[in-house]
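In order, the protein sequence lines correspond to chains A and B. Quick note on numbering: this note's numbering labels position 237 of the first sequence as 237, and the sequence is numbered without any gaps. Quick note on numbering: this note's numbering labels position 109 of the second sequence as 109, and the sequence is numbered without any gaps.
Hints should not be assumed to be uniformly reliable.
Note that the list lumps identical chains together, so a pair holds whenever it fits in one copy or between two copies.
[Claimed, not checked] Taking lysine to any residue pairs in the SDA-like style, the calculated list, with each CA pair at most 25 Å apart, reads:
hint, residue 1, residue 2
1, 161, 240
2, 161, 236
3, 161, 189
4, 201, 160
5, 161, 205
6, 161, 211
7, 201, 179
8, 161, 23
9, 201, 224
10, 201, 223
11, 201, 221
12, 161, 195
13, 201, 236
14, 161, 231
15, 201, 163
16, 161, 241
17, 161, 237
18, 161, 93
Since the hints were made in silico from the structure, they are not lab data.
There are 2 protein chains.
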Amino acid sequence: MEYDPRAYEPAAVTVDIVALTIRDGRLHVLLVERGEEPYLGRPALPGGFVRSSRDRRGRVRGETLDQAAARELAEETGLRAGHARLRRVHLEQLGTYGAPDRDPRMRVFSVAYLAFGADMPDPVAGGDAAAARWTPVPEARRLAFDHAAILADGLERARAKLEYTPLAAAFCPPEFTVAQLREVYEAVWGITLDPRNFHRKVTSSEGFVAPVGALTGGGRGRPAQLFRRGPAEHLHPPLLRAAPR
Amino acid sequence: MEYDPRAYEPAAVTVDIVALTIRDGRLHVLLVERGEEPYLGRPALPGGFVRSSRDRRGRVRGETLDQAAARELAEETGLRAGHARLRRVHLEQLGTYGAPDRDPRMRVFSVAYLAFGADMPDPVAGGDAAAARWTPVPEARRLAFDHAAILADGLERARAKLEYTPLAAAFCPPEFTVAQLREVYEAVWGITLDPRNFHRKVTSSEGFVAPVGALTGGGRGRPAQLFRRGPAEHLHPPLLRAAPR
DNA sequence: AGAATAGTGTCTTTCAGACACTATTTG
DNA sequence: CAAATAGTGTCTGAAAGACACTATTCT
Numbered sequence: 001m002e003y004d005p006r007a008y009e010p011a012a013v014t015v016d017i018v019a020l021t022i023r024d025g026r027l028h029v030l031l032v033e034r035g036e037e038p039y040l041g042r043p044a045l046p047g048g049f050v051r052s053s054r055d056r057r058g059r060v061r062g063e064t065l066d067q068a069a070a071r072e073l074a075e076e077t078g079l080r081a082g083h084a085r086l087r088r089v090h091l092e093q094l095g096t097y098g099a100p101d102r103d104p105r106m107r108v109f110s111v112a113y114l115a116f117g118a119d120m121p122d123p124v125a126g127g128d129a130a131a132a133r134w135t136p137v138p139e140a141r142r143l144a145f146d147h148a149a150i151l152a153d154g155l156e157r158a159r160a161k162l163e164y165t166p167l168a169a170a171f172c173p174p175e176f177t178v179a180q181l182r183e184v185y186e187a188v189w190g191i192t193l194d195p196r197n198f199h200r201k202v203t204s205s206e207g208f209v210a211p212v213g214a215l216t217g218g219g220r221g222r223p224a225q226l227f228r229r230g231p232a233e234h235l236h237p238p239l240l241r242a243a244p245r
Numbered sequence: 001m002e003y004d005p006r007a008y009e010p011a012a013v014t015v016d017i018v019a020l021t022i023r024d025g026r027l028h029v030l031l032v033e034r035g036e037e038p039y040l041g042r043p044a045l046p047g048g049f050v051r052s053s054r055d056r057r058g059r060v061r062g063e064t065l066d067q068a069a070a071r072e073l074a075e076e077t078g079l080r081a082g083h084a085r086l087r088r089v090h091l092e093q094l095g096t097y098g099a100p101d102r103d104p105r106m107r108v109f110s111v112a113y114l115a116f117g118a119d120m121p122d123p124v125a126g127g128d129a130a131a132a133r134w135t136p137v138p139e140a141r142r143l144a145f146d147h148a149a150i151l152a153d154g155l156e157r158a159r160a161k162l163e164y165t166p167l168a169a170a171f172c173p174p175e176f177t178v179a180q181l182r183e184v185y186e187a188v189w190g191i192t193l194d195p196r197n198f199h200r201k202v203t204s205s206e207g208f209v210a211p212v213g214a215l216t217g218g219g220r221g222r223p224a225q226l227f228r229r230g231p232a233e234h235l236h237p238p239l240l241r242a243a244p245r
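Please build the complete structure, drawing on both the sequences and the hints.
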């Protein structure tokens, strides 16, 4: 803090969102199509500038990073801020990307956020969200800027988070079955799990899920119990993937 | 990216470092004393602005965030960039803090980094490092800005990292004994571990440590084997703390 | 009935934690 | 010798993975 900040090249700070959801048993990421140079027409992560200003007395005003990320996510999905489905979305900071040449126009630092949601609607046309759509992760290629690296980091974080946290439930509606929860793990990890062992692990893991006391109906087999997310913040013991390599 | 960035209040981007090391079996953090307002005289995490500029052709030049963090760490510890001990330091991005009122002077986004090192020297007087010193973590109180929250997040990250990665070795010299490694866990987690079970876990965990083939001498008991850090990036299975709560 | 899905029980292996015991040094 | 530290062996309980088996629905 020994330097005069005004002596430096001005920098812009943006938030970019890696929003993940599960559709048809496959992991999807929200992408927008760029409407201007650079990378015109290329898919990109949704995002935008963090807003700040000064009031009449010269005091700094503005939104927090978390607020900026929530606002961008709401704008791009077309859900109003405060919408029930948006409030159920898990949003966490992923990391900051600031290579000096990542944007040819100016020095831009992008604070990336990771979002998990269930039942995310198709983005509404108009405004920023003109060309936003949910894309199966393997089809997310040729992304603008360094967004491929950000997406890869987000996927790795998501995979790891499922191991030690009950966040898989953030991909599910408020009430869900063990099978739905298992589909989340299978979609994010890209593997299949034994339904019987998975059931035992989830239901015996303290605070992971809480039974609602109702059953599904209308399905093809035996009706399943419905659960809500439990109070646990971490899973003990974790639900580990097999050792890699 | 639909806004003109120049229409926004200019923002400064800094890096702040949570540098941890172990001295006398206790976890220490590197703190500097602030030489100016705000928070004059209060302890703070070392840090500074990320440098960027434009060359004569108008292209953006500057350092990456990782480079800025490494530079700040080198300046504050007094180790020259490229020094062997500095090259052995583990440095990773922790998170970005950007509340609009975190610095009364202007909008400042701080990208925090977490550093683990062994045998870190006492900071050299002069220049930025005038009042820097290694402080036992429990004595790091009344920090400037939001640095107490950053430090808390760094400590929590460090504790978690020891569980699933071999990074405890980053707190040790190049060659170390199992007992030294155990002291790292005990200092960071603040608990005591059974030396015999710890020895078995560490030496049977694939790729965690590799025996050097030499023994220590001069100690009080039976000489111990020396190890180097192994090639593993993750521990499988992890070395878990007991369940919290 | 047969297919489909939900859920339980059991066996084996692996690993964590407790701790007895052996090994090798210094004083 | 005792004290100190390093390292091995063994037991027990918890949990993972494999998988037989039961339960309940729809067609």
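(message) Tell me the numbers of any earlier hints that the structure contravenes, in ascending order.
(response) Violated hints: none; all satisfied.
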